[in-house]
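*Asks:* Listed below, chain by chain, are the residues.
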Amino acid sequence: MSSLSSVIPALWASVLAILRRRGGGFVVAIAAVSVAVLLRGAFELVGHFHYLPMVPAVVATAAVGGRRATAFAIALAIAANLPLVARVSALEAAVDATLFVLVTWLIAELCWSLRAYRHRTGELSRRLAHREEMLETILASMPVVVLDRAGRIQFLTPFACTLLGIAEADATGRAFGSIVDDFDLADFHTGREALAGENDRAWTCRRGNGTVPLSIQAGFLPGDYANSHAVLCLADLTQAHLADERARDLHTQLNRVWRLNSLGEMAASLAHELNQPLAAAATYLQVSQIDVEKAGLMGESASRTIDLAKVQLLRAGDIIRRMRELLAHESRSLGVERVSSMVADLKGVFGMIERAGAVRVEIGLDGANDRVRAERIQFQQAMVNLVRNAAEAVSDRPDARISIMGCAVSDERYEVRVEDNGSGIPAEELETIFRPLMTTKTGGMGLGLSVTRTIVESHGGVLKVEDSALGGAAFSFSLLREQELEDA
Amino acid sequence: MSDHSVFVIDDDEAIRDSVLCLLRAHGVRARAFASGVHFFDNLPDVPSACVITDVRMPGMDGAEVVRRLKALKGDAWPIVVITGHAEVPLAVQLMKAGVVDYIEKPFEPNRLLEVVRGSFAHLDDLLLHRAEVEVAARRLARLTPREREVFQALVQGRTNKHIANDMQISPRTVEIFRAKVMEKMEADTLSALIRAGLKVAPGYAADAFART
Numbered sequence: 001m002s003s004l005s006s007v008i009p010a011l012w013a014s015v016l017a018i019l020r021r022r023g024g025g026f027v028v029a030i031a032a033v034s035v036a037v038l039l040r041g042a043f044e045l046v047g048h049f050h051y052l053p054m055v056p057a058v059v060a061t062a063a064v065g066g067r068r069a070t071a072f073a074i075a076l077a078i079a080a081n082l083p084l085v086a087r088v089s090a091l092e093a094a095v096d097a098t099l100f101v102l103v104t105w106l107i108a109e110l111c112w113s114l115r116a117y118r119h120r121t122g123e124l125s126r127r128l129a130h131r132e133e134m135l136e137t138i139l140a141s142m143p144v145v146v147l148d149r150a151g152r153i154q155f156l157t158p159f160a161c162t163l164l165g166i167a168e169a170d171a172t173g174r175a176f177g178s179i180v181d182d183f184d185l186a187d188f189h190t191g192r193e194a195l196a197g198e199n200d201r202a203w204t205c206r207r208g209n210g211t212v213p214l215s216i217q218a219g220f221l222p223g224d225y226a227n228s229h230a231v232l233c234l235a236d237l238t239q240a241h242l243a244d245e246r247a248r249d250l251h252t253q254l255n256r257v258w259r260l261n262s263l264g265e266m267a268a269s270l271a272h273e274l275n276q277p278l279a280a281a282a283t284y285l286q287v288s289q290i291d292v293e294k295a296g297l298m299g300e301s302a303s304r305t306i307d308l309a310k311v312q313l314l315r316a317g318d319i320i321r322r323m324r325e326l327l328a329h330e331s332r333s334l335g336v337e338r339v340s341s342m343v344a345d346l347k348g349v350f351g352m353i354e355r356a357g358a359v360r361v362e363i364g365l366d367g368a369n370d371r372v373r374a375e376r377i378q379f380q381q382a383m384v385n386l387v388r389n390a391a392e393a394v395s396d397r398p399d400a401r402i403s404i405m406g407c408a409v410s411d412e413r414y415e416v417r418v419e420d421n422g423s424g425i426p427a428e429e430l431e432t433i434f435r436p437l438m439t440t441k442t443g444g445m446g447l448g449l450s451v452t453r454t455i456v457e458s459h460g461g462v463l464k465v466e467d468s469a470l471g472g473a474a475f476s477f478s479l480l481r482e483q484e485l486e487d488a
Numbered sequence: 001m002s003d004h005s006v007f008v009i010d011d012d013e014a015i016r017d018s019v020l021c022l023l024r025a026h027g028v029r030a031r032a033f034a035s036g037v038h039f040f041d042n043l044p045d046v047p048s049a050c051v052i053t054d055v056r057m058p059g060m061d062g063a064e065v066v067r068r069l070k071a072l073k074g075d076a077w078p079i080v081v082i083t084g085h086a087e088v089p090l091a092v093q094l095m096k097a098g099v100v101d102y103i104e105k106p107f108e109p110n111r112l113l114e115v116v117r118g119s120f121a122h123l124d125d126l127l128l129h130r131a132e133v134e135v136a137a138r139r140l141a142r143l144t145p146r147e148r149e150v151f152q153a154l155v156q157g158r159t160n161k162h163i164a165n166d167m168q169i170s171p172r173t174v175e176i177f178r179a180k181v182m183e184k185m186e187a188d189t190l191s192a193l194i195r196a197g198l199k200v201a202p203g204y205a206a207d208a209f210a211r212t
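Chains as they are written, first to last, in the numbering used here: chain A, 1 to 488; chain B, 1 to 212.
There may be inaccurate statements among the hints.
Said to hold, decoys possible - Residues from chain A shown here face chain B by an in silico Cβ test under 8 Å; the list is partial:
#1 Ala129
#2 His130
#3 Ala267
#4 Asn275
#5 Leu278
#6 Tyr284
#7 Ile290
#8 Val292
#9 Gly317
#10 Ser423
#11 Ala427
#12 Glu429
#13 Glu457
As the list claims (entries may be wrong) - Below are the EDC-like pairs computed for lysine to aspartate or glutamate, each with C-alpha atoms no more than 20 Å apart in a straight line:
#14 B/Lys199 x B/Glu104
#15 A/Lys347 x A/Glu300
#16 B/Lys73 x B/Asp3
#17 A/Lys347 x A/Glu362
#18 A/Lys347 x A/Asp366
#19 A/Lys464 x B/Glu114
#20 A/Lys464 x A/Glu412
#21 B/Lys70 x B/Asp124
#22 B/Lys184 x B/Asp124
#23 B/Lys96 x B/Glu108
#24 A/Lys464 x B/Glu64
#25 B/Lys96 x A/Glu482
#26 B/Lys70 x B/Glu108
#27 A/Lys464 x B/Glu87
#28 B/Lys73 x B/Glu134
#29 B/Lys161 x B/Glu147
#30 B/Lys96 x A/Asp366
#31 A/Lys464 x B/Asp61
#32 B/Lys199 x B/Glu114
#33 B/Lys96 x A/Asp411
#34 B/Lys180 x B/Glu147
These are calculated hints, taken from the structure and not from any lab test.
No residue lacks a Cβ here, since even glycine has one placed at the ideal position from N, Cα and C.
Starting from the given sequences, assemble the full structure and let the hints guide the process.
*Replies:* So, in structure tokens, the structure goes:
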């Protein structure tokens, strides 16, 4: 038996090998029919079997071969029968042959459909296995939790264990609401659709000493399984919250600096505007003194009075100066900063401007050689002012665009440009735009550009405006480069 | 006061007018310009002048005026900056750029006058020095190459004996050269000769003669 069990697979393998060749079925047909003829010869000792031994031969051919090979096997079997079997009449021979054809063809059809089914099943199970693998991979890389109807954890992925800070063994069977505050499965039931839930809502998970902000997406299984009812997909919001917080912090800080700067600018412009007439008055008085002194004794007294008036004018100047010093920005201390890093901080703020004004802010700074002497927050204030101005200038455009460019223009200077594709600044306004309290906008104080200019000047630069290649205005200024450090 | 002019650049009409009044009352020739652009477009053709400029002006600011004027005229046109908006970094930058003084508005008019007088005195010195240099250069041009060699050595403080040795001539010949040099340079003493030499070629570089 052992030899037989080893022979059969070997035979089968060789048969398969034959089959794989073209016309393999025909070889099988010839072989099977030959074996059947031999077998029938052997059975002749016992009785007459006619077609019966041929049936397995045809079935064997059908099992491995196609329709042509099977038809060929049937024809061979009939051909082998006709001369060997003595017949009473030709009619009986014909009926026998026809019956044989019908019966064997029926069996062959059954064989083929069986083979087709087997093939399809194999294909299906392969595909299923592939999907299973995919699912496993996805689950392994995501924090997913499966709950039953009562909200108890039935299954959770390793990633979910890490995120929730809980061991798999401890978690299974626990109510999810005991791990995540305020969690209620019913919240997700409002929509019957697969992915319901409030997208903006965040949950808090107590983990160790701290908490983790989470976002949860829930899907419900359509079937009525007792143990798996809802599939929760978790996401850690810690990083997102931190980024939001940083953007908000910077915004608050910029607002505070803006208020201080505006106040300082008001004081400065007031001082500047008042100092002009004061200086002129003092000078005029001095001139009048010269004339008055020519009048002799009388004039001398008048000259002394004029002197007093002059002193008062200068005192007014002193008062203004003191007030300005009080309100002016705290002593500016320029540090060494990288332009790209200072602008990178502002991406959150620019994002707000982009969303509010439907504009696109493009940043194209040369990150090499961008170490400059600057005061971080003041520089950022200036940049935000320029970008905000540009955003207002392009607000009525469908393809609103603001571009921030920067590069080293010489060994000493790094230039920053803010351009827009708005309508630009009319030539007659170019003279006055920097003046404090001058504004073309309805809701502004007219301090934006003058504050910006003050900041730029305190950095040893000049704020320039010209026409931009984009079509609108281009504001530019340069900062002093810090090279010693660059080389180090 | 001396015969120099003062040019006032300020966008404020009252400042321009009052400063002109003040300067003219003190006998100074003065002219005013409403902007840097206007000033450079109508640059007065005088060899020396004092310029008083504001800082914050539309078009061209004071720093730009200083930069362009320095490039154009150098030290011959001293610049005084008056500003209603004093900023320390700006003041430092302007002082570095070579302005004579930086005055905040409102200013004591006498202070402005003093600064103008001071820059005039500086101009006088400068012009005097230039005239002397010119004279010395003219005299120097009269020397023969050989005499120049002797002159150079004398100014460097070398003795007759050394010079004779260096030039491979007799001390007697050096004496003769020396007398000629003194005569042509119109110097009665050796120290007067050295002074002339320093004026005409300060530092005594090899190409000093060619430069003057």
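*Asks:* Determine for every hint whether it applies to the structure shown.
*Replies:* Hints versus structure:
1. The closest approach between the C-beta of A/Ala129 and any C-beta of chain B is roughly 73 Å, which is over the 8 Å cut-off, so the hint fails.
2. Hint on A/His130 is violated. Least Cβ distance to chain B is approximately 70 Å, over the 8 Å limit.
3. For A/Ala267, the interface hint is violated, the least distance from its beta-carbon to any beta-carbon of chain B being 11 Å, above 8 Å.
4. Nearest Cβ of chain B to the Cβ of A/Asn275: about 4 Å, under the 8 Å cut. The hint holds.
5. Because the closest C-beta pair between A/Leu278 and chain B is about 4 Å apart, less than 8 Å, the hint holds.
6. The beta carbon of A/Tyr284 comes within 5 Å of a beta carbon in chain B, closer than 8 Å, and the hint placing it at the interface holds.
7. The criterion of a C-beta within 8 Å of any C-beta in chain B is met by A/Ile290, whose closest approach is roughly 5 Å, and the hint holds.
8. For the restraint placing A/Val292 at the interface with chain B, the shortest Cβ-Cβ distance is roughly 11 Å, beyond the 8 Å limit, so the hint is violated.
9. For A/Gly317, the suggested interface contact is upheld, since its CB lies about 4 Å from the closest CB of chain B, less than 8 Å.
10. Because the smallest distance between the Cβ of A/Ser423 and any Cβ of chain B comes to about 22 Å, over 8 Å, the interface hint for this residue is violated.
11. Because the beta carbon of A/Ala427 sits about 12 Å from the nearest beta carbon in chain B, more than 8 Å, this interface hint is broken.
12. Given the 8 Å rule on beta carbons, the hint for A/Glu429 is violated: about 11 Å separates it from the nearest Cβ of chain B.
13. The interface hint given for A/Glu457 is met, as the beta carbon of that residue sits about 6 Å from the closest beta carbon of chain B, less than 8 Å.
14. The suggested pairing of B/Lys199 with B/Glu104 is violated, with an alpha-carbon distance near 37 Å, which exceeds 20 Å.
15. Our distance criterion of 20 Å between C-alpha atoms is broken by A/Lys347 and A/Glu300, whose separation comes to about 68 Å.
16. With a C-alpha separation of about 18 Å, the suggested pair B/Lys73 and B/Asp3 falls inside the 20 Å cut-off, and the hint holds.
17. Between A/Lys347 and A/Glu362 the alpha-carbon distance is near 10 Å, which keeps this suggested pair within the 20 Å criterion.
18. For the suggested pair A/Lys347 and A/Asp366, the alpha carbons sit about 16 Å apart, so the restraint of at most 20 Å is met.
19. About 35 Å separates the Cα atoms of A/Lys464 and B/Glu114, which puts this hinted pair outside 20 Å; it is violated.
20. Between A/Lys464 and A/Glu412, the direct Cα distance comes to roughly 18 Å. Compliance with the 20 Å bound is thereby established for this hinted pair.
21. Simply put, B/Lys70 and B/Asp124 have alpha-carbon atoms about 18 Å apart, close enough for the 20 Å limit, and the pair holds.
22. Distance restraint check for B/Lys184 and B/Asp124: the Cα-Cα separation of roughly 27 Å exceeds the 20 Å cut-off, and the hinted pair is therefore not satisfied.
23. Note on B/Lys96 and B/Glu108: the hinted pairing is violated, with a Cα-Cα distance of about 24 Å set against a maximum of 20 Å.
24. As the CA atoms of A/Lys464 and B/Glu64 are separated by approximately 12 Å, the hinted pair is consistent with the 20 Å bound.
25. For the given pair, B/Lys96 sits about 19 Å from A/Glu482 by alpha-carbon distance, which is consistent with the 20 Å threshold.
26. Pair hint B/Lys70 plus B/Glu108 does not hold up; C-alpha atoms about 27 Å apart against a cutoff of 20 Å.
27. The straight-line distance between the Cα atoms of A/Lys464 and B/Glu87 is roughly 19 Å, inside the 20 Å bound, and the hint therefore holds.
28. For the hint pairing B/Lys73 with B/Glu134, the CA-to-CA distance comes to about 19 Å; that is within 20 Å, so the pair holds.
29. For the suggested pair B/Lys161 and B/Glu147, the alpha carbons sit about 16 Å apart, so the restraint of at most 20 Å is met.
30. As the CA atoms of B/Lys96 and A/Asp366 are separated by approximately 30 Å, the hinted pair breaks the 20 Å bound.
31. A distance of roughly 11 Å separates the Cα atoms of A/Lys464 and B/Asp61; the hinted pair therefore holds under the 20 Å criterion.
32. The suggested pairing of B/Lys199 with B/Glu114 is violated, with an alpha-carbon distance near 29 Å, which exceeds 20 Å.
33. The suggested pairing of B/Lys96 with A/Asp411 holds, with an alpha-carbon distance near 18 Å, which does not exceed 20 Å.
34. With a C-alpha separation of about 8 Å, the suggested pairing of B/Lys180 with B/Glu147 holds against the 20 Å cut-off.
Comparing the model with each earlier hint shows violations of hints 1, 2, 3, 8, 10, 11, 12, 14, 15, 19, 22, 23, 26, 30 and 32; every other hint is respected.
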